[in-house]
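Fit chain B to the given chain A structure using the hints.
There are 2 protein chains.
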Amino acid sequence: MTGFSDYAQTLRPRIEQALANAVPTTVDSRLAEAMGYALSGGGKRIRPLLVLASYRALTGNHDHPALDNIVCAVEAIHAYSLVHDDLPAMDDDELRRGQPTCHIAFDEALAILAGDALQTLAFETLSQADSLTAEAKLALIQTLAQAAGAQGMVLGQAIDLAAVDGTLTLTQLERMHRCKTGALIDASVAMGAIAADADAPSRRALENYSRAIGLAFQVQDDILDVTADTATLGKTQGADAARNKPTYVSLLGLEAAREHAHTLLAQALDALAKLPGDTQPLRLIAQYVVERER
Amino acid sequence: MTGFSDYAQTLRPRIEQALANAVPTTVDSRLAEAMGYALSGGGKRIRPLLVLASYRALTGNHDHPALDNIVCAVEAIHAYSLVHDDLPAMDDDELRRGQPTCHIAFDEALAILAGDALQTLAFETLSQADSLTAEAKLALIQTLAQAAGAQGMVLGQAIDLAAVDGTLTLTQLERMHRCKTGALIDASVAMGAIAADADAPSRRALENYSRAIGLAFQVQDDILDVTADTATLGKTQGADAARNKPTYVSLLGLEAAREHAHTLLAQALDALAKLPGDTQPLRLIAQYVVERER
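The listed protein sequences correspond, in order, to chains A and B.
Read in order, the letters of the first sequence correspond to residues 61 to 354 in my numbering.
Read in order, the letters of the second sequence correspond to residues 61 to 354 in my numbering.
Hints were generated in silico from the structure; no laboratory data involved.
Any given hint could turn out to be false.
Subject to a maximum C-alpha distance of 25 Å in a straight line, what follows is the list of computed SDA-like cross-link-like pairs (lysine to any residue) [said to hold, decoys possible]:
| # | chain 1 | residue 1 | chain 2 | residue 2 |
| --- | --- | --- | --- | --- |
| 1 | B | K334 | B | V350 |
| 2 | B | K305 | A | D167 |
| 3 | B | K305 | A | A92 |
| 4 | B | K305 | A | E93 |
| 5 | B | K305 | A | F166 |
| 6 | A | K104 | A | L329 |
| 7 | B | K305 | B | A316 |
| 8 | B | K104 | B | L332 |
| 9 | B | K305 | A | E168 |
| 10 | A | K104 | A | Q347 |
| 11 | B | K305 | B | H320 |
| 12 | B | K305 | A | S89 |
| 13 | A | K104 | A | L71 |
| 14 | B | K305 | B | A222 |
| 15 | A | K104 | A | T70 |
| 16 | B | K305 | A | R90 |
Because the structure is a prediction, the values reported are computed rather than measured.
Excised from the complex, chain A in its bound form (with noise of 0.2 Å):
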């Protein structure tokens, strides 16, 4: 394994095999058409890949079944969310990762029902995670839905709302952030260490590692927002800018923002230090996180 492309790779075909398995084929066509449209419209997976590397870093492999389910309730809920924030009421996109948002490519209302139902989909999934104990599933739950309801996932999106045309401070522009992409990046580390029964010292480690990626990776998608081209970025570059939303390179300037990130890039790997696994795929990750281009 050389670099983080290749370890995405190797994982690739397990990640789109179980959540290809997610959807119930016996829903009806056009539903589970779109839950499926909205769960395979590729990106980088990369909450998947946390799961797998954060159980990694405890264990030394990522062989428990569990971790399929973990894997598709991350990903339900973070697929989920991008269907609904991309309606015409929310961010109003037409493209997410170059190809049609789901309500384009079926309708309005089609996509705010996918939307709901891949949230169930994702209770369901955890709930159904039959290789643990009913206590680890009842843990995944519960750190899912802190993670992803009115204090985590949804609270963060309803602060960006009201930030348009607004003003933030960094303290501010940090909570939101913290809430609307760290709180599901901490759920998908947590939910790796609730499946190999980690200690608490490793999982107050993991928690630093997810939370300091958790702000590199909206760093860094700030400043690809101003310095990326549309093509390479599979989402209208400036966006944010032209929406007049409040963005780390808004508030720092570029050249912070890109010290900020290295910084917090800093700070993941030094959480490594103690974990008994393997580590070197959440050390990958968090190189990306702060190196990639789109």
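Quick look at chain B alone, frame taken from chain A:
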């Protein structure tokens, strides 16, 4: 207890208090407001009453503290579905129970998010029903997820939307309603039975009860859509007919629809005969479902 209204009145403070406690207070105020608005929007609280009455039909009381978690979970799912169903891209309703719908009282984006967060809250609340075993909590989560998702409520909404200006046979109409409203009514009753640790024959009897009243509820809704006036109904009278949606009345005619509702009522009451507890509340709810005027 002389009738449904008295029964509902007696339990209303408990139900409203449980719902008021459910929305976390540390949440961003606008998001929490919209969630609270959707959850406190009045209504008959049929699903919470079914949870409590089901437990009572098995045990003779409804004192178990986990019932409050179940009540909140089932009503949070119901409330989220109404908020999303009322959106312009879906049914485009501006009134719900005589009050502005969530996207009118707030805005569309916040209504989407509040609905999303209410769904998460449902699963989080069940995972915290700590007076139950981990196995029972998981059974609740599975039951609710199966009822709410792509094989239950959301599927029913997708079929319903696809049926506007289309045609459905009576069989297709029943399937749509079994999913759209029946699944969550079934789940309410089943979740009361899970809290009571009911045996298999009791669960089957309760399933027969809930399937009958679930359909009866919808038949009566269709009857009221053509017979009640807008003020009594609290929503626009004739709305379904105006959208050319198939209904029991359009398929069967008014008189046959009324007969169908009473046949279903008789089936529901029959199913209660073998239950060991106090079945009077379930009886009152069944009668109310068919005899209500709004």
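Hint check results:
1. B:K334 - B:V350: holds (22 Å)
2. B:K305 - A:D167: holds (19 Å)
3. B:K305 - A:A92: holds (23 Å)
4. B:K305 - A:E93: Holds - the C-alpha atoms of E93 (chain A) and K305 (chain B) are around 24 Å apart, at most 25 Å.
5. B:K305 - A:F166: Holds - the C-alpha atoms of F166 (chain A) and K305 (chain B) are around 21 Å apart, at most 25 Å.
6. A:K104 - A:L329: Roughly 20 Å separates the two Cα atoms, so the pair holds.
7. B:K305 - B:A316: holds (18 Å)
8. B:K104 - B:L332: Holds: K104 (chain B) and L332 (chain B) sit about 22 Å apart, inside 25 Å.
9. B:K305 - A:E168: Given pair K305 (chain B), E168 (chain A) holds - Cα atoms ~19 Å apart, limit 25 Å.
10. A:K104 - A:Q347: holds (14 Å)
11. B:K305 - B:H320: With a Cα-Cα distance of about 19 Å, the restraint between K305 (chain B) and H320 (chain B) holds, given a limit of 25 Å.
12. B:K305 - A:S89: Roughly 20 Å separates the two Cα atoms, so the pair holds.
13. A:K104 - A:L71: Since the Cα atoms of K104 (chain A) and L71 (chain A) sit roughly 11 Å apart, the hinted pair holds (cutoff 25 Å).
14. B:K305 - B:A222: holds (10 Å)
15. A:K104 - A:T70: holds (13 Å)
16. B:K305 - A:R90: Measuring from Cα to Cα gives roughly 19 Å; hence the hint holds.
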